[in-house]
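Participant: Now for the letters of each chain:
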Amino acid sequence: MSITDTSNVNIRSIETDRKISRGLSEQSFWLNLGPQHPATHGVLRILVRMDGERVVEAEPVIGYIHRGHERMGETRGYAQFFPNNSRMDYLGALTYNHGYCEAVEKLAGIEVPRRAVFIRTITSEFNRLSSHLLWLGAYLMDLGAFTPFIYIWEERELINDLLNHVTGSRLTYSYNRFGGVHKDIDDQFITGARAFIKRMRKRFKMYNRLVTGNVIFQARAKGVGAIPKQRAQAYGLTGPCLRACGVEYDIRKKEPYAVYSEVDFDIPTGQNGDAFDRYMVRFLEMEQSLRIIEQCLNRLPNGPYINDQAPRDLAPDPGEVFFAFESPRGQVNIFIKSDGTRIPYRMHWKNPSYTNLSILAELMRGQFIADVISIMGSFDLIIPEIDK
Amino acid sequence: MISSSALNELSKALGAAEVHATDYNRTGSHLDVTVAGDGLRAAAQTLQGRGFFLEDLTAVDHRTHREVVYRFNLYQGPCRVTIRAKADEADAVDTISDLYPLANWMERECHEFLGVTFTGHPDPRRLLLPEDSDFHPLRKDFVVPQEALAPEYHQD
Amino acid sequence: MSSEEKLVRSVEPVVRLAVLEDILSLPRASSLMVLTFGLACCAIEMMAAGVNKFDWGRFGVIPRSTPRQADLMIVAGTISRKMAPTIVTLWEQMAAPKWVLAMGNCAISGGPFADKEQYAIVNGADEIVPVDVYVPGCPPRPEGLIQGILALQDKITGGQRNNLLRRFDRLGGQKRDFVERIKRIE
Amino acid sequence: MSANIAPGLWNWLAYWLSEEVLVAVVGLVIVIALITVNSIGLIYAELKVAAHVQRRPGPMEVGWHGWLQPVMDAVKLLGKELVTASAVNKPLFIVAPAIVILPLLVTFIVIPFGKTLIIRDLNMGLLLIFSFSALNVVGILVGGWASNNKYSLLGALRSVSQCVAYEIPILITVMSVIIMTHSLKMSEIIAAQDRVWFIVVQPLAAILYFVASTAETNRLPFDIPEAEGELVAGFHSEYSGMRFALFFLAEYTNMFIVAAVFTTLFLGGWRGPVLPGPIWFLIKVYALIFFVLVARWTFPRLRFDQLMTLAWKVMIPLAMVNLIVTALVMKLVQ
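Residue numbers (our numbering), protein chains in the order written: chain A, 72 to 459; chain B, 34 to 189; chain C, 351 to 536; chain D, 4 to 337.
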């Protein structure tokens with residue numbers, strides 16, 4: 072190779088390197104956030120290149136809790152997949168249960184009694200509420216306020232007790248069945264739920280005083296990690312992260328399933344798409360969840376809670392179904408392809424945390440390390456959901 | 034709900050050989066488009082121009098060949114467009130990660146799980162599995178090598 | 351002196367540290383600093399064990415985020431093959447004496463994910479680090495985790511019967527057996 | 004020959020056995036005992052205050068209401084392995100905890116616990132306190148640097164810039180008190196408050212000093228050097244066992260010193276009715292510390308640049324204004 076032969080030299084990359092290094096001190100270093108780090112809530116790993124306190128570039132490294140859910144779905148029966156979907160998103164287990172049931176029922180053409188649909192909606196909304204509550208506490212703990220984290224557990228434990236009463240578990244519920252639910256709700260649950268709604272409305276005022284109005288909290292959240300609307304749409308964000316940018320997109324309104332078309336509720340949206348808006352959207356969503364639960368309890372019809380005719384061992388006709396539902400973190404897509412056997416031929420899940428995380432690298436560039444923590448916390452990431 | 038005239042207009046604009054409306058209530062999709070070769074990028078560009086966002090990207094292993102399935106949707110209302118692209122003999126499909134940034138990760142995942150190569154992808158590394166993995170677990174011909182998975186982290 | 355006696359004599363310790371061990375083991379058991387280390391679903395129940403309804407702080411458990419200052423590693427969740435080397439590293443970084451508690455079925459044996467079609471996980475924490483206490487459940491209730499911690503305390507001190515200091519517990523009237531103590535939680 | 008040496012030796016011995024030296028030695032022993040007891044008490048208070056703010060019982064099992072918990076923690080840390088990773092700068096890593104704690108011991112020389120209960124009532128008392136408690140940060144920097152861990156280093160750097168920023172408002176506010184007392188001597192500062200406490204005369208200075216000194220002790224909401232959510236454990240991430248305990252000891256001792264100085268400067272020191280002086284002094288000190296403890300469990304943490312903005316753009320100008328106004332008023336009164 073002669074000196075003039077530059078075919079093997081990648082000129083462009085050298086040029087790019089120069090551009091990157093311009094305005095950047097030579098002291099920049101790589102910092103490894105995770106996979107074991109108090110702020111990553113699980114086993115997310117983020118490699119950040121830092122220049123002092125500022126992040127130059129960030130790259131999320133995922134897969135530390137990859138458990139092969141899709142492979143398991145394609146090697147076992149439809150009903151056997153129930154435990155998996157509640158472990159995929161452990162904070163929104165009932166919403167996942169609910170969505171999975173609806174998808175398979177659509178594929179196999181199973182009728183669901185009306186009472187069961189109402190029960191599913193009530194339990195899903197309770198789960199959404201408890202998930203948002205935990206997020207509220209965990210986000211504030213990332214910002215250094217420990218006490219709200221303990222306070223939200225009081226409410227979470229009440230919800231856990233309520234749901235424990237009907238579903239028999241505290242966290243990883245497998246409550247829905249094809250054609251209905253596993254167990255009927257009783258008067259004790261309904262009284263408890265009404266009492267909880269009353270209590271929760273009072274507690275919202277307390278949280279507002281303790282958190283929303285706090286000067287330090289506002290300084291840490293306002294204007295931090297603002298996502299422009301166009302970027303959010305390009306990355307296909309969903310859920311509260313998108314709604315904080317001012318896009319009114321909620322599967323419960325746009326493609327209503329269960330009884331969401333019959334109940335009256337609003338979709339809270341923000342304007343700036345920053346961490347504070349994401350906080351406000353989730354905070355207001357909790358109040359909407361209470362409204363939905365209240366209406367469902369008022370209109371709860373009598374009748375069977377499960378379709379007795381539904382087959383226990385499903386073997387749907389060949390075909391495929393695509394179903395989207397709203398989990399606490401955003402839109403979850405399920406794609407199931409059946410080849411007529413009792414085992415799904417292809418099962419694919421697209422989870423909201425996954426899409427939300429993909430914008431993080433872009434969002435972190437040029438931020439302070441403390442803001443990176445604030446942004447990550449405000450996204451409400453569930454790592455097993457990302458890693459499948 | 035999107036009107037049927039708008040759907041017709043959209044399917045004309047996509048201009049692929051195989052476009053047909055599907056029953057939304059059964060399959061969850063309004064339009065089903067099968068594209069070949071360059072058609073994928075053309076269709077994706079058309080949809081991007083109309084404000085569609087990428088909702089889902091995955092592949093199905095048909096044993097003989099792999100088929101990549103894209104879903105696009107509108108934020109304004111449900112208008113789901115399914116685009117199917119058959120991978121060629123070398124298991125390759127054009128990338129759309131330059132059009133939709135989200136596709137970057139989803140194509141990496143798809144490549145990792147099903148072995149579909151996305152031509153022109155800027156960063157075709159492993160995403161979820163360890164970086165030195167050499168298998169594609171969602172392929173129908175993948176057999177879990179039992180002995181190879183014995184624990185290897187034992188301390189002496 | 352027979353050769354056997356000789357052998358016994360040669361391995362006898364010069365200084366008997368049993369009393370000191372007894373005295374040191376009680377603080378070790380009563381002040382377990384936990385490495386906050388949640389892998390999956392069990393992490394949420396681990397958090398629940400630390401908050402107002404259950405409060406493991408009553409038994410002196412304090413979460414620390416750096417392995418250097420931790421005594422107990424609670425492996426809470428599924429261990430994927432990508433994560434396993436990190437867990438071993440963290441365990442090695444902890445200062446002795448150190449203990450490991452495997453929380454949940456995944457950390458015990460792979461749990462619901464142990465399957466012949468499984469390619470991504472390690473079947474249990476004891477394949478990579480030495481585990482002292484196993485707490486079954488999917489996930490275990492917080493009471494279960496606290497019972498596991500109390501069992502670990504008994505393991506560290508040698509239980510009421512064998513520990514010099516804990517023998518006084520019985521004189522104090524308070525029952526220190528963990529089964530009795532767990533009953534007081536409810 | 005021997006006759007010449009003997010008187011010299013005798014003088015030398017007499018000097019070392021004199022009352023002053025004896026007071027110093029006994030004082031040192033008492034001080035070490037005090038900081039240990041103080042730290043243990045404060046750890047217990049911290050655990051219990053945190054627990055009760057969060058509506059949970061806190062330590063309950065070891066001793067009555069868990070009062071032995073901090074003792075158990077301390078004994079356990081004594082028995083822990085001292086990990087020294089291979090990549091650390093060994094001499095500096097080992098000496099750092101000592102650098103953190105030793106300067107704090109010196110400051111106890113001039114802290115007036117009572118009218119006569121003061122080891123040495125130096126002319127430069129206040130200056131001695133500020134110069135030695137500022138040395139504390141050198142230990143943190145050395146420890147963070149020697150750990151060879153990026154989290155530690157970031158924590159140490161934050162700590163240094165924080166201390167530099169907050170040392171200035173502290174000194175300026177203290178100066179406005181000194182203008183009024185014309186003395187750096189602790190006893191004279193207290194004597195100047197015999198009619199009215201300086202917190203009434205100088206409320207702004209008191210608030211500024213309290214906030215700035217909370218920041219100096221790295222307490223929440225100013226605890227960015229060890230910000231748990233960001234930097235794992237900050238500058239002491241790599242320290243285990245007793246070395247880690249020394250950092251903790253230093254933190255609580257520092258809190259005590261800061262509260263003691265506040266009490267001396269603004270709350271009339273040991274002055275108070277009925278009860279003897281030392282008890283009043285401790286009551287005031289621990290009431291202040293209680294306030295700091297509750298604040299820790301109430302507020303989120305500030306960001307690094309917000310912390311700096313608060314120091315340079317708000318507190319220093321305010322302190323300057325306060326100083327100038329005090330000087331003018333003093334001049335007019337004269």
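These are calculated hints, taken from the structure and not from any lab test.
We put the beta carbon where it would ideally sit given N, CA and C, even for glycine.
Keep in mind that the hints are not guaranteed to be accurate.
[Said to hold, decoys possible] Computed footprint of chain D on chain A; a stretch qualifies when at least three of its residues, placed anywhere within it, have a C-beta under 8 Å from a C-beta of chain D:
id : region
1  : 221-227
2  : 433-443
[Stated by the list, open to error] Here are the simulated DSSO-like cross-link-like pairs (lysine-lysine), alpha carbons at most 27 Å apart as the crow flies:
id : chain 1 : residue 1 : chain 2 : residue 2
3  : C       : Lys-356   : B       : Lys-173
4  : B       : Lys-173   : A       : Lys-325
5  : D       : Lys-118   : A       : Lys-293
Participant: Confirm or reject each hint.
Facilitator: Hint check:
1. 221-227: Three-residue rule met by the region 221-227 of chain A, so holds; n is 3.
2. 433-443: holds (count 4)
3. Lys-356/C with Lys-173/B: This hinted pair is violated, its Cα atoms lying about 66 Å apart.
4. Lys-173/B with Lys-325/A: violated (35 Å)
5. Lys-118/D with Lys-293/A: With a Cα-Cα distance of about 51 Å, the restraint between Lys-118/D and Lys-293/A is violated, given a limit of 27 Å.
Hints 3, 4 and 5 from the list above are not met by this structure, while the remaining hints are.
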